[in-house]
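Student: When you get a sec, could you build the whole thing from the sequences and use the hints?
Residue numbers (our numbering), protein chains in the order written: chain V, 1 to 129; chain G, 1 to 129; chain D, 1 to 129; chain H, 1 to 129.
It cannot be assumed that every hint is accurate.
Note that identical chains are pooled: a pair holds if it fits in a single copy or bridges any two copies.
Said to hold, decoys possible - Here are the simulated SDA-like pairs of lysine to any residue, each with C-alpha atoms no more than 20 Å apart in a straight line:
#1 K43 - L107
#2 K37 - R25
#3 K62 - E28
#4 K62 - G114
#5 K62 - R104
Rather than coming from a laboratory, the hints here were simulated on the basis of the structure.
There are 4 protein chains.
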Amino acid sequence: METREEVMFFDTDAGGVVHNIAYLRMIETNRTRLAAKMGMEIKSMADGPVIPVVARTEVDYKRPGKLGDWITIRGRLEEVARARFWCSFEMIRESDGDLLVTARQMLALLTTPGGRAARIPRDWLTRWG
Amino acid sequence: METREEVMFFDTDAGGVVHNIAYLRMIETNRTRLAAKMGMEIKSMADGPVIPVVARTEVDYKRPGKLGDWITIRGRLEEVARARFWCSFEMIRESDGDLLVTARQMLALLTTPGGRAARIPRDWLTRWG
Amino acid sequence: METREEVMFFDTDAGGVVHNIAYLRMIETNRTRLAAKMGMEIKSMADGPVIPVVARTEVDYKRPGKLGDWITIRGRLEEVARARFWCSFEMIRESDGDLLVTARQMLALLTTPGGRAARIPRDWLTRWG
Amino acid sequence: METREEVMFFDTDAGGVVHNIAYLRMIETNRTRLAAKMGMEIKSMADGPVIPVVARTEVDYKRPGKLGDWITIRGRLEEVARARFWCSFEMIRESDGDLLVTARQMLALLTTPGGRAARIPRDWLTRWG
Numbered sequence: 001m002e003t004r005e006e007v008m009f010f011d012t013d014a015g016g017v018v019h020n021i022a023y024l025r026m027i028e029t030n031r032t033r034l035a036a037k038m039g040m041e042i043k044s045m046a047d048g049p050v051i052p053v054v055a056r057t058e059v060d061y062k063r064p065g066k067l068g069d070w071i072t073i074r075g076r077l078e079e080v081a082r083a084r085f086w087c088s089f090e091m092i093r094e095s096d097g098d099l100l101v102t103a104r105q106m107l108a109l110l111t112t113p114g115g116r117a118a119r120i121p122r123d124w125l126t127r128w129g
Numbered sequence: 001m002e003t004r005e006e007v008m009f010f011d012t013d014a015g016g017v018v019h020n021i022a023y024l025r026m027i028e029t030n031r032t033r034l035a036a037k038m039g040m041e042i043k044s045m046a047d048g049p050v051i052p053v054v055a056r057t058e059v060d061y062k063r064p065g066k067l068g069d070w071i072t073i074r075g076r077l078e079e080v081a082r083a084r085f086w087c088s089f090e091m092i093r094e095s096d097g098d099l100l101v102t103a104r105q106m107l108a109l110l111t112t113p114g115g116r117a118a119r120i121p122r123d124w125l126t127r128w129g
Numbered sequence: 001m002e003t004r005e006e007v008m009f010f011d012t013d014a015g016g017v018v019h020n021i022a023y024l025r026m027i028e029t030n031r032t033r034l035a036a037k038m039g040m041e042i043k044s045m046a047d048g049p050v051i052p053v054v055a056r057t058e059v060d061y062k063r064p065g066k067l068g069d070w071i072t073i074r075g076r077l078e079e080v081a082r083a084r085f086w087c088s089f090e091m092i093r094e095s096d097g098d099l100l101v102t103a104r105q106m107l108a109l110l111t112t113p114g115g116r117a118a119r120i121p122r123d124w125l126t127r128w129g
Numbered sequence: 001m002e003t004r005e006e007v008m009f010f011d012t013d014a015g016g017v018v019h020n021i022a023y024l025r026m027i028e029t030n031r032t033r034l035a036a037k038m039g040m041e042i043k044s045m046a047d048g049p050v051i052p053v054v055a056r057t058e059v060d061y062k063r064p065g066k067l068g069d070w071i072t073i074r075g076r077l078e079e080v081a082r083a084r085f086w087c088s089f090e091m092i093r094e095s096d097g098d099l100l101v102t103a104r105q106m107l108a109l110l111t112t113p114g115g116r117a118a119r120i121p122r123d124w125l126t127r128w129g
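Tutor: Right, dumping it as structure tokens:
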């Protein structure tokens, strides 16, 4: 899944660069669209039967993004276990191709209502990875 | 109600000053504590019987806050109507007493569940204003 | 200027609706693109010679946005004075055409560096209004 | 370093729990105060001679925080290398002692201006760890 973001003032801080928290918002937008492509529409997510929940986030900040940069975010399903799956993300500045951020998130699939761990369908990785 | 905030990097933008949206977060914290003092605890708010909902916000940005500033936020109940009430806020930089921001918010009191407008108790202004 | 946003989890709160602060972020994105159309590119804004600064915000919350809603934001230059101008915004839910939020922002044009008020070009309103 | 936060509406999402990004803001506040104790005051940070920059973040979300929870954040200097250091954080719900989140952040010390990696003082860990 590929999404794009233009760095706004609210994404930056007094250091003159993109604030580390802002990247997480951009990642969530990408992950939400990835999930929609996989059949988990945000609109109906609360209705169940399952909802993906972030269990772990890892982010590496490699180069600073700047005001007005256009950033391409590339997200993909990287790994699938019984009850967990990993998504990975790359954030690239379009003007020079610099890799700004890499990130991984581990998610669990919980039933709604109930909140018990649901089993990840076996074919996810071949279909979406 | 008086609350205090120290301006963090995440509150600022590449212009080197506090971002205009960050003040709204500081105001909400103040307003939440004001509501608690008035008997509307955030913890039990979703359980009803009433929940205050912001219907209008007005903010005047007078001077720029800076990284590391300590800001005092003073909030009070300003005006009460049948089904609406106004809170007003002042945000003052502690180091020099400068008034950075003034704001007003109009809130309605809605029943939960149901979401119908609830009547504001008559004595609110004398008790909390 | 017309921009679009899909309501993400990070835009909502435990009340199940879009949080009042999230609309301000959507408005800023719209306003930034409006400014770019008017010749004030965000990328070069810090270099001057002028930078628009928000002096006042007014927001009316009319109906609650929900998770997954697509919202169209329409922003325009509404009024121009000597050293100030007003932008106005409408936020409309695409699925049913409901008007969720209206807002106005007054901005000043400051010189950079220096931070003195700059005069607004006379033809702005005829060109961009 | 110990800081406290009360979970506000803006910290939560439509899932009824604290949004995963909100914890990062609470962690930054804790880390900023930890840095101040170590002699790096946020107020003068931009003036140098060094500024700590987040290079990696790891967050494990263990249990969901809820609206109105009081959370204690405990941050400490965990490990020091030549040009990098790690801080670790625990976030505990005060009402029941539940561990909600653990996190680690790797930071580099950069010179300002210049942005070159600065060497971490040898005695940091004995003094602050």
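Student: Run every hint past the structure and note whether it holds.
Tutor: So, going through the hints one by one against the coordinates:
| no. | hint | verdict |
| --- | --- | --- |
| 1 | K43 - L107 | within (19 Å within a copy, 28 Å between copies) |
| 2 | K37 - R25 | within (19 Å within a copy, 26 Å between copies) |
| 3 | K62 - E28 | both (19 Å within a copy, 19 Å between copies) |
| 4 | K62 - G114 | between (39 Å within a copy, 17 Å between copies) |
| 5 | K62 - R104 | both (14 Å within a copy, 17 Å between copies) |
Violation of the numbered hints given earlier is absent; every hint is satisfied by the structure.
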